[in-house]
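Colleague: Line order of the protein sequences matches chains W and S. For the first sequence, position 232 (counting from the first letter as 1) is numbered 232 according to UniProt numbering, and the numbering increases by one without interruption. For the second sequence, position 172 (counting from the first letter as 1) is numbered 172 according to UniProt numbering, and the numbering increases by one without interruption.
Since the hints were made in silico from the structure, they are not lab data. A couple of the hints might just be wrong.
[Claimed, not checked] Derived pair list, reagent style BS3-like, types lysine-lysine, alpha-carbon separation capped at 27 Å:
| id | chain 1 | residue 1 | chain 2 | residue 2 |
| --- | --- | --- | --- | --- |
| 1 | W | Lys-103 | S | Lys-103 |
| 2 | W | Lys-39 | S | Lys-103 |
| 3 | W | Lys-103 | S | Lys-152 |
| 4 | W | Lys-103 | S | Lys-123 |
| 5 | W | Lys-103 | S | Lys-40 |
| 6 | S | Lys-73 | S | Lys-3 |
| 7 | W | Lys-103 | S | Lys-11 |
There are 2 protein chains.
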Amino acid sequence: MEKQGLLYEGKAKRIYATDEAEVVWVEYKDSATAYNGEKKATISGKGRLNNEITSLLFDYLKSAGVESHFIEKLSSTEQLVKRVTIIPLEVVVRNIAAGSFSKRTGVEEGKLLKQPIVEFYYKNDDLGDPLLTLDHVLELELATEETVNDLKERAVYINTLLREYFLEREVKLVDFKLEFGMTAEGTIMLADEISPDTCRLWDSNTNEKLDKDVFRRDIGNLTEAYEQILARLGGSESCIK
Amino acid sequence: MEKQGLLYEGKAKRIYATDEAEVVWVEYKDSATAYNGEKKATISGKGRLNNEITSLLFDYLKSAGVESHFIEKLSSTEQLVKRVTIIPLEVVVRNIAAGSFSKRTGVEEGKLLKQPIVEFYYKNDDLGDPLLTLDHVLELELATEETVNDLKERAVYINTLLREYFLEREVKLVDFKLEFGMTAEGTIMLADEISPDTCRLWDSNTNEKLDKDVFRRDIGNLTEAYEQILARLGGSESCIK
Ligand SMILES: Nc1ncnc2c1ncn2[C@@H]1O[C@H](COP(=O)(O)OP(=O)(O)O)[C@@H](O)[C@H]1O
Ligand SMILES: Nc1ncnc2c1ncn2[C@@H]1O[C@H](COP(=O)(O)OP(=O)(O)O)[C@@H](O)[C@H]1O
Ligand SMILES: [Mg+2]
Ligand SMILES: [Mg+2]
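Chain W on its own, in the form it takes in the complex (with noise of 0.2 Å):
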């Protein structure tokens, strides 16, 4: 596979074209953002820990029957994947309250939710990334109502299959984001990564916090953090440190 021009660039990886038109090249970058970009940093060895989770958490899932974009590690910070049209929304599973959760209703953090929630948000910069009703998802026609119950649902599985595995590793997933994508051929398919950039993450025994609230809360060594949930994971922590 040969690496070509430079697709895009979002906050957190690069994504080139290959010699094959399906097919892209990431490069997980070492920036953290947060608060819509507002506050940014360049944190060492932060793309490779997201690219190796990332890559850990794809294959489980593919295990599990989950398809995904995912097809390869290439190196520390690079994996190929399937080209997608991404969803422009993005899709929250929710097991805890915390974060803009617990802004919005009011929940305490922590409060363990009766069921998990689903939230969808417009994957929009511009507008800040509001939350969305079904509703005006459809004003938008950012999707059908069948591929927002598809969505739901399957976020819905994956949440009951990433609680699991990071319980027995002693990590409480207490809500992540997913980003769907549709391949040329009309294929949904769960695409972009899953890390602590995009998960809360807590310790289970000491509700330590293991993500990137570490940074935007300036609570602590985010590089730290990171190798932390690698290693629980069973990853090479430190082969290319």
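Starting from the known structure of chain W, arrange chain S with the ligands on it as the hints suggest.
Modeller: For chain S with the ligands alone, coordinates are given in the frame of chain W:
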């Protein structure tokens, strides 16, 4: 009926007990507030206008079979209503994009929506009346799923009735907010008010705003706008001025 002690003073109305346990006495105030109370003013005549308009609209809805808390108008600024426990949800119906919907979704103000959209906001000043999804409502135990669906159905029907009623009077019903409550016997009914404070109303020929946006955005004379609405509804505009 005898007016007794003040039960509650809100931003727009005072609610008094009466000698009948199931009836309260509502007094419409001359105060205008916007942006969750950040912007305030006293506008002489506003209480009368909202009381007259709400009374006319609840009478009309009653004639079309929609039960509400409204019993009778007592004076130019007062009415008797059935006492209810308000369900802490602001039920918003939208026909045309405007206000927070346009801000949230990026849809230009004035665009006709493909179908009416019903939204639920948490009636909670401390939290700034946030938008909620069904899952949020259930988690917060503000209402059951059955009640949410019932409120949605009622809101859509009320919209159908009011939209036609206003259009016959050369007014576009852009959007509006409803509150529902439960009587001591457990009957859910429409409550609160329906007035230019709680509706967006545009002249159907010129799109001139004839509602609280005149105050929110400082673009004209509020009492003149509200008088316009009262006049078009056939109300007694100048009898007590
Ligand atoms: N398989 C894929 N094909 C095409 N684009 C993808 C794929 N997976 C993720 N993307 C997109 O790549 C972009 C870069 O990722 P990222 O740096 O996280 O961007 P952002 O700043 O939008 O979060 C994002 O728009 C993401 O949705
Ligand atoms: N029939 C009713 N019985 C009891 N309370 C009511 C009834 N109708 C409306 N209310 C409530 O009366 C209060 C006063 O109204 P308002 O001044 O508009 O208050 P707010 O500042 O909350 O908008 C509100 O909390 C409203 O929900
Ligand atoms: Mg991203
Ligand atoms: Mg009110």
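Colleague: Please list, smallest to largest, the hint numbers that this structure does not respect.
Modeller: No numbers; nothing is violated.
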